[in-house]
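Novice: Listed below, chain by chain, are the residues.
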Amino acid sequence: MASRAGGKVPKPNSLYWLCQAIGWAGYLAYVLVGYFVWAGTRAVGDIVSIVIFCTFVPVLLTHGLRAWMYAQGWAQLRDWRRKIRQVAAALILAATVTLSVGLANGLAHGRVWIPTEGMWWMFLAYDLAFGGWLWIYERIHERRSRDQLEIVAREAQLRALRTQLNPHFLFNSLNSVRSLITENPQRAATVVTGLADILRYSLASDRLDTVALADEMAIVDEYVGLERTRLEDRLRVEQVVEPSALRARVPPMLVQTLVENAVKHGIAPLPRGGLVRLEARVTDGRVEIVVTNPGRLEADAGDRGFGLRNARERLRLMYGDLASLTLRDHGGQTTAALTLPLETTA
Amino acid sequence: VNALIVDDERLARSEMRRLLSAHPDVSVIGEAANAERAEACVRAGGVDVLFLDIQMPGASGFDLLERLETLPLVIFTTAYDEYAVRAFEVNAFDYLLKPIRPERLAAAIEKTRQAMAAAHTGAAATAKRAGSARVFLRDGDRCWIVALADIELFEADGNYARAFFRTERPMIRTSLQMLEPRLDPTMFFRASRRHIINLRHVEAIDDGVDESYTVRLRSGRTVSISRRQSRRLRETLGL
Numbered sequence: 001m002a003s004r005a006g007g008k009v010p011k012p013n014s015l016y017w018l019c020q021a022i023g024w025a026g027y028l029a030y031v032l033v034g035y036f037v038w039a040g041t042r043a044v045g046d047i048v049s050i051v052i053f054c055t056f057v058p059v060l061l062t063h064g065l066r067a068w069m070y071a072q073g074w075a076q077l078r079d080w081r082r083k084i085r086q087v088a089a090a091l092i093l094a095a096t097v098t099l100s101v102g103l104a105n106g107l108a109h110g111r112v113w114i115p116t117e118g119m120w121w122m123f124l125a126y127d128l129a130f131g132g133w134l135w136i137y138e139r140i141h142e143r144r145s146r147d148q149l150e151i152v153a154r155e156a157q158l159r160a161l162r163t164q165l166n167p168h169f170l171f172n173s174l175n176s177v178r179s180l181i182t183e184n185p186q187r188a189a190t191v192v193t194g195l196a197d198i199l200r201y202s203l204a205s206d207r208l209d210t211v212a213l214a215d216e217m218a219i220v221d222e223y224v225g226l227e228r229t230r231l232e233d234r235l236r237v238e239q240v241v242e243p244s245a246l247r248a249r250v251p252p253m254l255v256q257t258l259v260e261n262a263v264k265h266g267i268a269p270l271p272r273g274g275l276v277r278l279e280a281r282v283t284d285g286r287v288e289i290v291v292t293n294p295g296r297l298e299a300d301a302g303d304r305g306f307g308l309r310n311a312r313e314r315l316r317l318m319y320g321d322l323a324s325l326t327l328r329d330h331g332g333q334t335t336a337a338l339t340l341p342l343e344t345t346a
Numbered sequence: 347v348n349a350l351i352v353d354d355e356r357l358a359r360s361e362m363r364r365l366l367s368a369h370p371d372v373s374v375i376g377e378a379a380n381a382e383r384a385e386a387c388v389r390a391g392g393v394d395v396l397f398l399d400i401q402m403p404g405a406s407g408f409d410l411l412e413r414l415e416t417l418p419l420v421i422f423t424t425a426y427d428e429y430a431v432r433a434f435e436v437n438a439f440d441y442l443l444k445p446i447r448p449e450r451l452a453a454a455i456e457k458t459r460q461a462m463a464a465a466h467t468g469a470a471a472t473a474k475r476a477g478s479a480r481v482f483l484r485d486g487d488r489c490w491i492v493a494l495a496d497i498e499l500f501e502a503d504g505n506y507a508r509a510f511f512r513t514e515r516p517m518i519r520t521s522l523q524m525l526e527p528r529l530d531p532t533m534f535f536r537a538s539r540r541h542i543i544n545l546r547h548v549e550a551i552d553d554g555v556d557e558s559y560t561v562r563l564r565s566g567r568t569v570s571i572s573r574r575q576s577r578r579l580r581e582t583l584g585l
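Chains as they are written, first to last, in our numbering: chain D, 1 to 346; chain U, 347 to 585.
These aren't lab readings, by the way, just hints derived from the structure by calculation.
Bear in mind that the values here come from a model prediction, so they are computed numbers and not experimental data.
Do not take every clue at face value.
Quick list of in silico lysine to aspartate or glutamate cross-link-like pairs, EDC-like style, CA-CA up to 20 angstroms [said to hold, decoys possible]:
(1) D/K264 x U/D409
(2) D/K264 x D/E343
(3) D/K11 x D/E142
(4) D/K264 x U/E428
(5) D/K8 x D/E138
(6) D/K83 x D/E142
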């Protein structure tokens with residue numbers, strides 16, 4: 001972003017050249033109009049020198065100024081120190097151009113120096129032009145570093161929104177394992193392996209933007225298996241997944257979160273348990289994932305609200321308006337419906 | 347020591363039972379998978395200590411305690427619950443994190459033995475026993491188990507009441523009208539429409555205008571007593 005004092009001069013981008021071209025072309029047009037309206041004489045030599053001194057010379061000078069600014073690390077200076085340098089730079093450059101116009105005029109007429117008519121006005125016009133150049137240059141830079149900051153902030157936000165494994169689930173499972181070690185060692189071994197898979201996936205999901213739904217479903221199955229260890233026959237799960245949906249890319253841990261919510265809020269509160277239904281299908285360029293559990297919405301605002309807000313924010317940052325996550329209750333059933341634009345694994 | 351295990355997960359209950367089997371003086375007199383069953387067991391009597399899970403289907407462990415007028419000793423067990431653990435740490439409840447460390451369980455049981463021994467030696471005076479009765483108070487995320495004898499004052503606050511003890515003053519979801527008949531009349535006295543005071547916390551009684559009193563409590567708080575209740579207070583205290 002910003003270079004250090006004595007730092008490298010970055011290659012200018014196309015916006016820089018566009019601004020240079022439009023800016024000095026505008027300045028040239030202004031001076032030419034002034035020349036045709038006010039000057040008593042018309043000469044080709046005048047026009048050529050106007051073109052040279054209103055385009056090539058200032059472009060060259062400001063390009064040099066840009067390199068100088070980077071080399072001296074102006075971006076790191078405090079506000080007022082930078083402003084003083086900018087004012088000085090504009091004055092010096094304006095003086096340089098004004099004097100070289102006089103010099104060129106003189107050489108053209110075989111003398112060293114001829115003060116041009118309206119020299120002070122010329123000086124003022126150049127001073128304003130260079131001042132304006134510096135002002136625009138700084139505004140664009142501010143904007144660009146702000147955009148870059150936003151990108152960095154967005155990435156940090158996304159990382160924070162990544163759903164980690166619910167610690168309550170983790171510790172309850174560990175407690176189940178401890179109990180199974182004496183009760184059913186075979187089963188304990190299976191549960192530990194499943195837990196390891198889920199943990200590994202959850203940690204890896206930090207580094208992945210999306211995964212194939214098939215991979216996510218494998219983890220959902222492991223998760224359901226573990227929850228069944230805890231909840232036993234209180235938890236029943238039904239899956240209807242179209243084969244074509246399995247290749248769709250989804251953000252990792254998102255479907256898992258929906259199923260986990262369904263178990264936590266739909267099944268765990270019911271002494272007799274219930275059925276969680278998971279459907280996934282592809283319809284006109286979208287993948288739809290629907291998780292249904294018994295129970296109504298109002299009863300469980302707090303915690304679930306947070307997890308859901310989190311998931312929505314994550315979707316918004318990744319897909320903008322193209323993805324949605326809605327939660328409804330209908331006839332004693334709560335439905336979470338997730339819609340994503342269809343991207344498939346090659 | 348008679349223990350009741352309250353947890354919705356069968357595996358968690360059997361693990362608790364196994365851990366407790368290392369302590370021969372602790373006998374598990376029952377298991378409950380939800381708050382309703384647990385409430386029935388406690389009301390049936392004979393439960394000295396509850397091993398209580400917080401998150402359960404239906405009513406939570408906290409809900410159970412709120413329903414009970416007098417509590418057995420309580421040791422909370424929880425796998426991971428940020429809010430609950432914060433409440434425990436602030437108010438020094440006995441709590442065990444699952445999976446449970448046998449040493450921590452042993453320490454908790456030792457504390458239970460001591461608490462029970464203290465209650466027994468002091469049981470000679472009935473009033474004392476009444477004073478050792480404890481209640482569960484909850485205000486938002488925070489909760490307390492507090493001996494009734496430590497509560498100096500209940501003050502009406504809208505439809506609810508505030509309990510004053512030590513430096514705490516939680517709002518409790520019950521009115522003074524509901525509260526009064528549940529309190530021991532030898533300990534608590536209805537001072538006015540707005541206050542119920544604990545007579546054991548009274549430090550001085552000052553004469554007010556027209557035969558009404560002002561009571562100063564040990565904490566330094568003063569409560570004025572309505573004229574009608576002043577007469578009753580005189581009779582109660584035999585002034």
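Novice: Would you mind marking each hint as holding or not holding in the structure?
Specialist: Going through the hints against the structure:
1. D/K264 x U/D409: Distance ~18 angstroms between D/K264 and U/D409 Cα, so the pair holds.
2. D/K264 x D/E343: Measuring from Cα to Cα gives roughly 30 angstroms; hence the hint is violated.
3. D/K11 x D/E142: Holds, at roughly 17 angstroms.
4. D/K264 x U/E428: With a Cα-Cα distance of about 16 angstroms, the restraint between D/K264 and U/E428 holds, given a limit of 20 angstroms.
5. D/K8 x D/E138: Holds: D/K8 and D/E138 sit about 18 angstroms apart, inside 20 angstroms.
6. D/K83 x D/E142: 14 angstroms, holds
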